[in-house]
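K.L.:
So you can see what is in the structure, the chains are spelled out below.
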Amino acid sequence: MSGALLNQLPFEPVTAILVIPAASALVLAVLPGYRLTARLNVLAAFLTFLAALSLLVERPAPGGYLFVDDLNIVFVVLGTFVGFTTSAFSASYIAHELEIGRLTPAYLRFYHAMYQALMFSMNLGLLANNIGLMWVAIELATLTTVLMVGIYRTHEALEAAWKYFILGSVGIALALFGTILVYMAARPVIGEGHDAMVWTSLIDKAKDFSPDMLNLAFVFLMLGYGTKVGLAPLHAWLPDAHAEGPTPISAVLSGLLLNVALYAVLRFKMLLAANPAAIAPGPLMVSLGLVSLIFAGFMLYRRRDIKRLFAYSSIEHMGLITFAFGMGGPLANFAGLLHMTMHSLTKSAIFFTVGHISQVKGTQKMSEIRGLTVSHPLLGWGLVLGVVAIAGLPPLGIFMSEFLIVSSTFARQPLLALPLVFGLLIALGALFLRLNDVAFGKPTGSTAPVKASRLPFVAHLSLVLAAGIYLPGPLVTWFQNVARLLG
Amino acid sequence: MDRTAIDVAHMLAGGMVLVSFMLLYQDRMFGLLNVFALHAFVLSLSVAWQAYIQNAPHLFITAFIALVLKAIIIPVALHRVVVRLGIHRTIEIIGGIGPTMLFGIGLVALSMVVMLRATATADPLAREDLAFALSVVLLGLLMMVTRRNAVSQIVGFMSLENGLILAATGAKGMPLVVEISVAFSVLVAFIVIGVFLFRIRERFDTVDVEAIDEARGERL
Numbered sequence: 015m016s017g018a019l020l021n022q023l024p025f026e027p028v029t030a031i032l033v034i035p036a037a038s039a040l041v042l043a044v045l046p047g048y049r050l051t052a053r054l055n056v057l058a059a060f061l062t063f064l065a066a067l068s069l070l071v072e073r074p075a076p077g078g079y080l081f082v083d084d085l086n087i088v089f090v091v092l093g094t095f096v097g098f099t100t101s102a103f104s105a106s107y108i109a110h111e112l113e114i115g116r117l118t119p120a121y122l123r124f125y126h127a128m129y130q131a132l133m134f135s136m137n138l139g140l141l142a143n144n145i146g147l148m149w150v151a152i153e154l155a156t157l158t159t160v161l162m163v164g165i166y167r168t169h170e171a172l173e174a175a176w177k178y179f180i181l182g183s184v185g186i187a188l189a190l191f192g193t194i195l196v197y198m199a200a201r202p203v204i205g206e207g208h209d210a211m212v213w214t215s216l217i218d219k220a221k222d223f224s225p226d227m228l229n230l231a232f233v234f235l236m237l238g239y240g241t242k243v244g245l246a247p248l249h250a251w252l253p254d255a256h257a258e259g260p261t262p263i264s265a266v267l268s269g270l271l272l273n274v275a276l277y278a279v280l281r282f283k284m285l286l287a288a289n290p291a292a293i294a295p296g297p298l299m300v301s302l303g304l305v306s307l308i309f310a311g312f313m314l315y316r317r318r319d320i321k322r323l324f325a326y327s328s329i330e331h332m333g334l335i336t337f338a339f340g341m342g343g344p345l346a347n348f349a350g351l352l353h354m355t356m357h358s359l360t361k362s363a364i365f366f367t368v369g370h371i372s373q374v375k376g377t378q379k380m381s382e383i384r385g386l387t388v389s390h391p392l393l394g395w396g397l398v399l400g401v402v403a404i405a406g407l408p409p410l411g412i413f414m415s416e417f418l419i420v421s422s423t424f425a426r427q428p429l430l431a432l433p434l435v436f437g438l439l440i441a442l443g444a445l446f447l448r449l450n451d452v453a454f455g456k457p458t459g460s461t462a463p464v465k466a467s468r469l470p471f472v473a474h475l476s477l478v479l480a481a482g483i484y485l486p487g488p489l490v491t492w493f494q495n496v497a498r499l500l501g
Numbered sequence: 103m104d105r106t107a108i109d110v111a112h113m114l115a116g117g118m119v120l121v122s123f124m125l126l127y128q129d130r131m132f133g134l135l136n137v138f139a140l141h142a143f144v145l146s147l148s149v150a151w152q153a154y155i156q157n158a159p160h161l162f163i164t165a166f167i168a169l170v171l172k173a174i175i176i177p178v179a180l181h182r183v184v185v186r187l188g189i190h191r192t193i194e195i196i197g198g199i200g201p202t203m204l205f206g207i208g209l210v211a212l213s214m215v216v217m218l219r220a221t222a223t224a225d226p227l228a229r230e231d232l233a234f235a236l237s238v239v240l241l242g243l244l245m246m247v248t249r250r251n252a253v254s255q256i257v258g259f260m261s262l263e264n265g266l267i268l269a270a271t272g273a274k275g276m277p278l279v280v281e282i283s284v285a286f287s288v289l290v291a292f293i294v295i296g297v298f299l300f301r302i303r304e305r306f307d308t309v310d311v312e313a314i315d316e317a318r319g320e321r322l
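For the record, the sequence lines run as chains A and B. Quick note: to get the working numbering, add 14 to the position in the first sequence (first position is 1). Quick note: to get the working numbering, add 102 to the position in the second sequence (first position is 1).
Treat the hints with care, as some may be off.
Said to hold, decoys possible - Output of the computed footprint for chain A on chain B, the stretches with three or more beta carbons under 8 Å from beta carbons of chain A:
#1 209 to 222
#2 236 to 248
#3 254 to 262
What the hints assert, rightly or not - In silico DSS-like pairs for lysine-lysine, Cα to Cα no more than 25 Å straight-line:
#4 Lys379(A) with Lys456(A)
#5 Lys221(A) with Lys274(B)
#6 Lys379(A) with Lys465(A)
#7 Lys274(B) with Lys219(A)
Since the hints were derived computationally from the structure, they do not count as laboratory data. Ideal placement from N, C-alpha and C gives every residue a C-beta, glycine not left out.
Using the sequences and the hints, build the whole thing.
P.N.:
Next up, the structure:
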């Protein structure tokens, strides 16, 4: 299949975005030695990011299997950027894991190979012009992350991986059923064969599809891919998978994989929106989003494990983003896109600090972590800044996107804005309650200095800060275009 | 398309729904694996029949993969796993057989109502095939939630995937890419599952999912 795929590729950068991670996955699977492989991993991620950036300059024409448009380019650039910074964080994180013997060299090779395989499958999912190919890519991404979540092979890690595997597979199975239904809806209009699964021809002809079939398909797709987005009540895998795997994986799960699944939902939402007789997908997304937001807000109070705390915060934010896209319209879509970008950057930055914190303290239990700002000023204040950002306080970027979501909701559906604001306030309270214990007070546990990689963290948060203060004009125009595309 | 061809297709697809019901009440490990092999066998027959009546030779490949991999290799491999782990004891079924079967009947009725209504415009072969496929998928889901044992959850999941393949082959002219990748993903999924089972064995003495459900600090 890959041969045919390569022939279809219209333009070099698209090839590079897929081939670099795929090739490095193979190379990293056989190369021994930590130093070399960790650097290669960073280098590969960096080159992929550069290739993604070049898409901004020149965009290839859509091919039979792959295409680039205004929507997926946002996800690809954001994804490869977070992939690159996380690989830099992962290098210093993994060094420590090797030192304390949690990872053996053989597992390290496996880890790096899986990391690149994950990058490959996510990029493939985003660039796919064929809904079947997109499904295959998301399935592959699920499998690689399952393997990485279970990599420590502790009781909890295996249980988390098993749970993730079962729930993820069921989700992905439902999504496939939805995909088949979309094909069935498209077949009478487009005709048999390949074209009836190609995204660009689907969206052109969507207005003639049987609305009943599309409605049914969307329910399956929403539940299937929604499981991967981590929407309540389908979220059960998410906190465990975040808490038990290596922290770089938590960062890519929250920063990237959830977005890829959301991207799939958005694509099919566009398909439904193009058919006037089909149900409006908005209300379904709005209600799932609100439920996730409020549910996760309350669940934040009961957390004892620092990584699980931020995993629930991811559920909350994915709920908020789904809500915004469900509301639709230029302003809410714009806010949703902005919020998704800001959340990816902030949440992965938080996981970078949390990774170092849990390494130096030797625990993820919040009750055993106290007074970080005293014992490790850099990590402590970094975490404070990250939490301030994720809680949505000004002047950081998330404040702006949350403000836009809330104000656009107030303008159109004031009643919906009440539970929305309620959920946000609940979550804010929980985050500060926990932060207060962890960051301030008398330090406990190890106060040994930590060899942290600061660059990824600083890069992410300065972007978030910059976006909160000033959004460059071209970026705004670009996001507005995408928002219009989303309908 | 003549009436007999459609009837045979429906008989085979309906046969899968019946075997799915048989899976629901198997309370012995080996019985479960044998019935799963039967499930995959009926699937391969059904796919082969679709290949014949749709004049789509590539579907024979899918049928062949279903026969060799799912009806022979995977059951045999799981059989060995079960023997090696020494778990050929009774499987407990939550809620008992009666309510589970009734619930299953409800699910089949639901999928008939939903699919036949939504696909009123599609051709009769595809729409009834899809309704059967959805029933198999839902029964697979039901099996996964009623079982606590890791091996029987896997069997539930694979019967669910069989339903998906039934749907994909019933959709006339669906590109080959998807069928191969479905088969491929089943293979990969199986490798993953195999690895998991052996790891679970390495660490614990049971593959009961309940038993590895360890209380973390925050579970009350």
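K.L.:
Please name the hints from earlier in the document that this structure breaks, with their numbers sorted from lowest to highest.
P.N.:
none
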